[in-house]
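Student: Produce the entire structure from the sequences given, and follow the hints as far as they go.
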Amino acid sequence: MNIIAELVVQFCILSLLAFGGINALLPEIHRITVESHHWMNDTTFAQLFAMAQAAPGPNFLIVTLVGWHVAGLAGALAATLAICAPSSLLVFVFTHYWEKAGDAPWRYAVQLGVTPLAVGLVLSSGWLISLSANENWRAFALTGATVLIVLSGRVHPLWLIGAGALLGLAGVV
Amino acid sequence: VGLLTDQEEAPAPSPAGVVTRRDLFLGFARIGLSGFGGVMPWARRALVEERRWLTSEEFASLLGLCQFLPGPNVINLSICVGRRFAGVSGALAASLGLVLGPLCIVLLLGALYERYGELPLIKAVLRGISAVGAGLIIALGVRMALDLRRRPVLSLFAVAMVIAIGFLRWPMALVMAVLTPLSILTAARHGR
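Residue numbers (my numbering), protein chains in the order written: chain A, 2 to 174; chain B, 6 to 197.
Source of the hints: derived by calculation from the structure; they are not laboratory data.
Careful: at least some of the hints might be erroneous.
[Said to hold, decoys possible] Using C-beta positions, here's what the derived DEER-type ranges look like:
#1 121/B x 104/A: 51 to 61 angstroms
#2 108/A x 126/B: 45 to 55 angstroms
#3 155/B x 3/A: 41 to 51 angstroms
#4 157/B x 74/A: 19 to 29 angstroms
#5 173/B x 155/A: 30 to 40 angstroms
Note that this is a predicted model, so its numbers are computed, not measured.
Yeah, the Cβ is synthetic: ideal placement off N, Cα and C, and Gly gets one too.
Tutor: Structural data, given as C-alpha cells:
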C-alpha cells in the first residue's frame, strides 16, 4: 500500500479509539511507526514527541510531525486530517444525542465505563515514552521529579519544559 | 483590530450572545496559539472568563463530554462550541481556527528537524524535553487515576489496559474492542 494511504488508514482508526485524547494514543503510534513499520527508530520518536510538547498548541500535533517524517508535507497534512476528522464527525453527531439524553442511565454508564480505559492508556503512554526517551538513570530521575512537581500543583508545565531543555543542554540527561 | 471588531459585533456580556463564525475562528485561533504546555486551561479562560461564550457550568459539562469522547480533546471542544453557536460551519470555523496556527509552527519545526535534527545540541535539548514530557503524561494519568479510587472494580480495567498496552504491547484496536463493552457493562451494574 502507498505509504500515505497507510498512514491515513491507521490514523483514522486511531482517531476513533483515542479515549483520553492523543496522549492515550502514543503507545499505539509508537507500535505502528517504530515496531511494525520501522518508519523511524526509538530516538526519533522521542524527539518528535519532545517537539510536539514544546510547541504551542494542542499536543496531538505529534501526529503531524510523524506524518512529516514518514512522507513529507503531504504526509503531515494527511496524518493531521486523518487524526481529527473521524472523531470530530463522531463528536458532532453524538453531541446531539448526548444533549437529548439528559440524565438517562446509559449516558452515565458510558461516561463512567470509558474512564478506566482512558486512565490505563494515559499511564501506558507515560511509561512507554519514558522507556523510549530516557537513556540513563538521570533522565528517569528527571521524569520522576516532573511527576512529583506537577502533582504538587504549583508550577506551570511550560517552566518544567524549559528546565528540561536547559538540563538537556547542560548534558545532565 | 480583531478584538475591537469582536466587541462591536457581540457587545452582549451575557453567555451565549451572538457569536459569529468569524468570532469562533479568531477566538479559537488565539486559544490554540497561547496554549503552551496544554491548551485546556487557556480554553477555559478565553471561553468562560474573557469572552463569556459559556458559563462555568456549561464549560465543565462540555469538557466532560469532550474528554470522554475519542479524539483530540481540544478539537472536540472546538467542534462542540462551534456547533452550538453556528452549526456545521461554526464547528469548521472553530476547529480550523484552533489548528491552523499551531499546524504551521509544527510544520516549520518539522522542516528544521529534518535539516538540523542530527546536531548534538538539538538532540541534547530534545532529550531533556522528552524526559519532562514523559513526566507530564504520567502525572496526568495519576491525576485521572485518583478519580477512580473509590471504584475498585472499574480500576481493574485500568490495570488490564496497562498490562495489555503498556507491557504486552497488544494492538490497541483489539484490546479496546474487548474491554470497552465490558467496562461499560460493569459501570452500568456497579456504577452508582
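Student: Residue 108/A and residue 126/B, beta-carbon distance inside 45 to 55 angstroms?
Tutor: holds, 52 angstroms
Student: Return holds or violated for the Cβ distance of residue 121/B and residue 104/A against the range 51 to 61 angstroms.
Tutor: Holds, since residue 121/B and residue 104/A (Cβ atoms, about 55 angstroms apart) stay within the stated range.
Student: That 30 to 40 angstroms hint for residue 173/B and residue 155/A (C-beta), does it hold up?
Tutor: Given range 30 to 40 angstroms: holds, Cβ gap about 37 angstroms.
Student: Given the range 41 to 51 angstroms, decide if the beta-carbon distance of residue 155/B to residue 3/A lies inside it.
Tutor: holds, 49 angstroms
Student: Verify the CB-CB distance for residue 157/B and residue 74/A against the hinted window 19 to 29 angstroms.
Tutor: Since the Cβ atoms of residue 157/B and residue 74/A sit about 49 angstroms apart, the hinted range of 19 to 29 angstroms is violated.
Of the hints listed earlier, the one the structure fails to meet is number 4.
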